[in-house]
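Protein chains: 2
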Amino acid sequence: MFKIETCFSPALYNYYEAKDRSVVVIDILRATTSICTAIASGAKELIPVATIAEAKEYKNKGYIVAAERDGQKLDFADFGNSPSFFTPSNVKGKTIVYNTTNGTQTIKMTENAKLSLIGSFINLKSIINFLTHNKDNILLFCSGWKNMFNLEDTLCAGAIAQQLLNSGEYITNCDSTHAAIDLWNLAKDNLLLYTKKASHRTRLNKLVSENILEYCFSLNIVDVVPCFKEGKIVDILRK
Amino acid sequence: MFKIETCFSPALYNYYEAKDRSVVVIDILRATTSICTAIASGAKELIPVATIAEAKEYKNKGYIVAAERDGQKLDFADFGNSPSFFTPSNVKGKTIVYNTTNGTQTIKMTENAKLSLIGSFINLKSIINFLTHNKDNILLFCSGWKNMFNLEDTLCAGAIAQQLLNSGEYITNCDSTHAAIDLWNLAKDNLLLYTKKASHRTRLNKLVSENILEYCFSLNIVDVVPCFKEGKIVDILRK
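Sequence lines, in order, name chains W and V.
In this text, residue positions in the first sequence follow our numbering: the first is 121, and each later residue adds one.
In this text, residue positions in the second sequence follow our numbering: the first is 121, and each later residue adds one.
In isolation and in its complexed conformation, chain W is listed as follows (with noise of 0.2 angstroms):
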């Protein structure tokens, strides 16, 4: 039998044990979101940055960049941090740079990880999938705001949690674990509903359209499993 925890927070994220087992970092709002739509749209590979600085160094290079603050745009960059800039005319085959407020850093930590996987509800099926087979201890590692518990991030590791505990080959004794089963079991008839208490979705719903938190409350929508290695965001389904 394989384990489950659940860290809420990358403030918390160093009192769990990354090194021996796979995460999985969910910043549905927006980061993992667009991560997969990217991925999905064919890009060959995404460079998340810590920084600015480094996002800007990147851009007088050459490179294509992402980069946003606070979910806005910010000037130097070629897109935002909206899932609608990463279409095929924009991404196919290229190289993209990718900074924002949060999910970056996150996935950043995920470093020294023996598996850095990206999820989201877009493609939460094929990331069960993915784990089923895999057969793994995990970490759902939970981007949070500002190191800020948030409900979206803890609704997808609790769908993923779910699924995993019904294949039979995983357990957890990890009380966010059952937290987030729990909230899931709540939302999941109508997450965009549940989730209008968000604070972070309250917060971003001054600067994104409706539309796109659909989208980002949506199931399913593609299917890829990026992978963060060696610096680098590729598709662990495309070999």
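FYI, nobody ran anything at the bench for these hints, they're computed from the structure.
There are no misleading hints in this set.
Copies of one chain are not kept apart here, so a pair can be met inside one copy or by any two copies together.
Simulated crosslink set (DSSO-like; lysine-lysine; CA at most 27 angstroms straight-line): (1) 139 / 317; (2) 266 / 139; (3) 317 / 255; (4) 123 / 317; (5) 316 / 123; (6) 266 / 234; (7) 266 / 228; (8) 266 / 352; (9) 164 / 349; (10) 352 / 234.
These numbers were taken from a predicted model, which means no experiment stands behind them.
Guided by the hints, dock chain V onto chain W, whose structure is given.
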């Protein structure tokens, strides 16, 4: 309207503003339950200390010391951390120096809060009544277990938040508060059954008798509102 926020771990405390609000520290298994019991049993005051060394120093000075690590009484101490020690015959009129794995450190962290109160299931109604009349922005501060989220403290935070929202004078835009309330509403009809999955309880089951666990999950047994101020815990209701 006054705001409610909930912090799930001591490692997240510094991301919240505590200076301008009333903080409720919660450590159901068992520090805050034991403190409420001691105060209700007539203890003059409790002095929480953060380290074993400090507890020993007080012991050498002749103080009564309650101290444990990982659920077990330390050799030099008079009592451990079980509420069963804090009977009137043991504590009435006395000053008790108190040190635990988790809870006392959490309490010490609130030294700079506007007001620091001790919450548990056993004084739930008293603390809600106090907060309903006190009218202030509130941070519900869950001690967790070694900086990780735990279910039992979260449920107590949810119970307090739900009642305060019901009063019509409080609002929340905090995801962890929403999650705590939803989990409380799932669990409230049978707290013991629900928290059977709590990892901390599983761990404590080996050390703590079933009747102590039942006590820790019982509502409204004592009518006290312990308050931490200038290094000491006394009942704010007892003027």
